[in-house]
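Colleague: Spelled out, the chains give:
There are 2 protein chains.
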Amino acid sequence: MTSMADPSETQTPLTALPENAGVDAAVAAARRVIEALLHAGGNSAAEMVQVAERLDQISAHLAEHAPDREERLVDMWRGEGVTRHDPVTGPENAIAPPLHLAGLPDGSVRGTVTLGLAYQGPPGSVHGGVSALLLDHALGVANDWGPGPAGMTGTLTLRYHRVTPLFRELTVVARQVSFSGRKIKTTGEITVDGEVCVSADGLFIDAFIDRPR
Amino acid sequence: MTSMADPSETQTPLTALPENAGVDAAVAAARRVIEALLHAGGNSAAEMVQVAERLDQISAHLAEHAPDREERLVDMWRGEGVTRHDPVTGPENAIAPPLHLAGLPDGSVRGTVTLGLAYQGPPGSVHGGVSALLLDHALGVANDWGPGPAGMTGTLTLRYHRVTPLFRELTVVARQVSFSGRKIKTTGEITVDGEVCVSADGLFIDAFIDRPR
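Protein chains in written order, with the working numbering: chain C, 23 to 235; chain U, 23 to 235.
Any given hint could be a false lead.
Claimed, not checked - Cβ-to-Cβ under 8 Å is the rule here; a few derived chain C residues that face chain U:
id : residue
1  : G63
2  : N65
3  : D97
4  : P145
5  : G146
6  : H149
7  : H159
8  : Y182
9  : I231
The set of hints was computed from the structure by calculation and includes no laboratory data. Remember, it's a predicted structure, so these values are computed and weren't measured experimentally. Every residue gets a Cβ at the ideal spot worked out from N, C-alpha and C, and that includes glycine.
The task is simple: from the sequences and hints, build the whole structure.
Modeller: See below:
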């Protein structure tokens, strides 16, 4: 029991929430397949070829109803709001862990994520490039939430302070530090139990890529 | 027709080649499912829930034969040679595009890769964090191939020169520049048609994480 306000009450979701029950459920199931394939050990080659056939039947079925690439790109970027397909937070992208980020009243963004075998670099540890992927994205979301413009990554510097563990809850935080002219400075870090594993400093440039149409 | 030597003749594969026909085929099929889910547009929610059920049947089947996590980690890191499970080059990891890298006689490493919708950041473009992931890994492989020690990433700086396109062949190169004491300097870049999209400078520290056993 505590008399402090629950900080979750003042958080604003900034990444897509699972809302398309059908697609999001299929993508969540695809994540479990990715993880199960990495955990698999005792299956025979013949069984695995059967698994491949079953998976190919599923992608063939999906392809029957799929629009062509250009049409799909237009649809992906239609409307406002957050993306549903990016490789960090996207509920439609099985590569995404996914990381959910929320905006805090102090201007920072924050989320937690636990990473499994698919994100391994050194033994039992998160791949340094995966930490970079999470932080680059979090800094981008912090720019959307912060007072200044958003923009594209110009320079990103990552410092690795200690090994980032798999299978433990990681906290990802980021905030826009300053902006001047077209230049935006943003910072972030990944921590575990309050200790910094990886920190990032980004210089973003206020620029925009046209949406497909 | 040309009288120049084929550079591929002097390349040494440095990343895992598909050799476990069963697992690797299933993982390749899982990559097609990831991509098909991102391309899907016209499926009903009910159909997608059925897709989720079929995928869950597959992961349940795989889990029946899977060792527990600790045992699997020991097995993953048993023996020498390259990893088969990392999220950049691993033939057993459906998250990996995969990127195949080869060592050249001049001490550099090089590979090509074409990225699809799963790796999208800005519209039609590669996510900046995905470029960071590919480069961090390529720099690590360059350290394995180069004359100095390998080690862990200490600082990684990425510079984004131009947008990196999806659906086009990207070239990833990296090389160990120098080493002194425990510090190793390594550099790399992603190019398209000879133009630099992203460059990376890494400071690596000669350190080692014990393998699970």
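Colleague: Next, verify each hint and record whether it holds.
Modeller: Hint-by-hint comparison with the structure:
Checking G63 (chain C) against chain U: minimum C-beta separation of about 5 Å stays under 8 Å; hint holds. Contact between N65 (chain C) and chain U, as hinted, is supported at the beta carbon level, the nearest pair being about 5 Å apart and thus within 8 Å. Interface hint at D97 (chain C): satisfied, since its Cβ lies 6 Å from the closest Cβ of chain U, which is below the 8 Å cut-off. Here the hint on P145 (chain C) is kept, as its CB sits about 5 Å from the closest CB of chain U, short of 8 Å.
Taking 8 Å as the C-beta cut-off, the interface hint given for G146 (chain C) holds, the closest approach to chain U being about 6 Å. Given hint, H149 (chain C) at the interface with chain U, holds; its Cβ is 6 Å from that chain's nearest Cβ, closer than 8 Å. The closest approach between the C-beta of H159 (chain C) and any C-beta of chain U is roughly 5 Å, which is under the 8 Å cut-off, so the hint is satisfied. Hint status for Y182 (chain C) relative to chain U: holds, with the closest Cβ pair at about 5 Å, below 8 Å.
Because the closest C-beta pair between I231 (chain C) and chain U is about 4 Å apart, less than 8 Å, the hint holds.
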